[in-house]
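**Q** These protein sequence lines are chains V and S, in that order. According to my numbering, numbering within the first sequence proceeds without interruption in unit steps and concludes at 341. According to my numbering, numbering within the second sequence proceeds without interruption in unit steps and concludes at 1213.
Some clues are possibly wrong.
[Claimed, not checked] Estimated spans, in silico, between C-beta atoms of each pair:
id, chain 1, residue 1, chain 2, residue 2, range
1, S, A1182, V, R89, 20 to 26 angstroms
2, V, D29, S, D1054, 51 to 57 angstroms
3, S, E1027, V, T128, 33 to 39 angstroms
4, V, M31, S, G1202, 39 to 45 angstroms
5, S, A1182, V, E156, 55 to 61 angstroms
To be clear, the hints were calculated from the coordinates, so they are not data collected in a lab. Where a beta carbon is used, it is the ideal one built from N, C-alpha and C, also for glycine.
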Amino acid sequence: MKCWYVSMNKLLSLIPDQLDVGIIVLDNDYMIKVWNGWLERLTGKNAGQVIGTRLADVCPRLNKKIYFRIFYEAVSYGKNRFCSGALHRFFISPANESRCAAIRQNMLVQPVQIGDERFILIQIFDITGQHQRVQHLKSFIDELTINHQKLKASEETIRYQAYHDSMTGLPNRLLLMDRLNIAIAHAHRNKHCLAVLFLDLDHFKYINDTLGHAAGDLLLQEAAVRLTSCVRKSDTVARLGGDEFVLLVPEITELNSVSIIAMKIINTIIEPWVYQDKEHFVTASVGVALFPYDGEEAGELIKNADSAMFRAKELGKNNYQFFNEEIYANNAGKLDNRSLP
Amino acid sequence: MLSSLQQHVLKEFLNVSIGQATYSLSEMANQKIQLTIPEIELTNIPSLSKKLKDGSFSKMFTGHIVSSSLAFGNEFNGKAKLVFPVNKGKILVNFFVGEEVSPENGYDQDNFSDTDIDALKEIGNIILNTIVGGFANLLDKQIIYSLPEVDFSYYPGQEPELIFDVGHNILLIHTTFSLVKAKVEGAIFIILTMESISNLIGKINEMLVCVYE
């Protein structure tokens, strides 16, 4: 029996060194009584060196008020305490101090009582791998989020580019047709009138030929800014290509207001344009088509506004023309919505 | 189940424990934290069920919850749980581990990493140890504490009987963490055996007698 007891004791004394956790046992004066093999391998300090010394001398990180309180509460009140590596990083420094930045440990503090004697059992768990996995996962998620945001931004850019003219930033033909179709449907439902103004810069080819294409591009950009300033935010100014622009003015109640916009456009384009410190003068010809009088479909309205613009050119440029002059003559004042189809 | 005077005494007493826990938590986070207990009451499982469905806690407990709990026994028996809606629990953990606190983010259980769970385990350990330890001191009882655990459950999918599986008397403590960028509301449930609750009420009554004699 005695022999069995001795061999069991021997076996039990070997176990702490085989464990894959750090084991420290302190007495109630915080002197180290047990220091297992795991800690020897981590710190390079063997049990013979540290047993009988104060924990705070061997592990400087534990020489803090917060840990003394934890040990005190364990030995005095029997309280268990779990300390996470997420909040404390680590408790026992490795021999290789360069590892300190990466290392993470959890610590479990438990009271142990044998008869009247009280001890503190401290277990140290290495969670560096787990922590790194979490960090990798987090940075992977961050990376995915950034990529997703970049993709979203590039999708938005592509969508913007698909619907806008890169030279002026104005909506292009595609977006104009979309908005015009929506405006027609809305006007149809609410018995409104809408106007399509087709604008062509007069003598644009001459500017291009004499001042160069760069000057022509700048002129187009300037024209875009000026045209945008002539209309409401709810109106659309689009560039179809070359020196052709289209303005969509929905919800017209008075035909006069279309004339006023057309005049405003002509007056704003004729303002001097400064290029290389010299003033240049450009004019515009404008054709106007009205829904529903001049067409009920987007293509038809643009085509008719284009025809009206050609008539304006034929009539000497720098003026505007309605596609159907009769409508203007008969409805110079308020449009009678009741007569709309 | 507690008179307003008893509630008052208990709240005064708990405020001392909460104060100690707040100190420890602030020290650990290296930032000032305020932990308050605006509401406290003693209830039982049927009343608690109603309270969580209709009362002031109903908003808090309408989905997934996360709890950090520890059991205690020997001369004072029960289980203590620090409970948060999952989103709030994650905001609290983020604050402690020094990650971005975004109250508008809708976190769920999947957002909790193993290290987040460890952090919540420790937060619960500090608060619950202090409160339960305070009761043990008050009653002059020896207590054996279990190790803290964190678990996720779904309320009201799971009935309170399943969530609060020990005993029938529950000390319900409404808690509010005031952090730098956010307020995190949660609750502490101290589930006690009949004997333990009798001892506690008896002690509160003794304190009341001392005050009024």
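**Q** Now tell me, hint by hint, if it's right for this structure.
**A** Verification of the supplied hints:
Checking the proposed 20 to 26 angstroms range against A1182(S) and R89(V) shows it holds: the Cβ atoms sit about 24 angstroms from each other. Remark: the range hint 51 to 57 angstroms for D29(V) to D1054(S) is upheld by a beta-carbon distance near 55 angstroms. Evaluation of the 33 to 39 angstroms hint for E1027(S) and T128(V) yields a failure: the beta carbon distance comes to about 25 angstroms. Restraint check, M31(V) to G1202(S): a C-beta distance of roughly 41 angstroms satisfies the suggested window 39 to 45 angstroms.
With their beta carbons about 31 angstroms apart, A1182(S) and E156(V) fall outside the hinted range of 55 to 61 angstroms.
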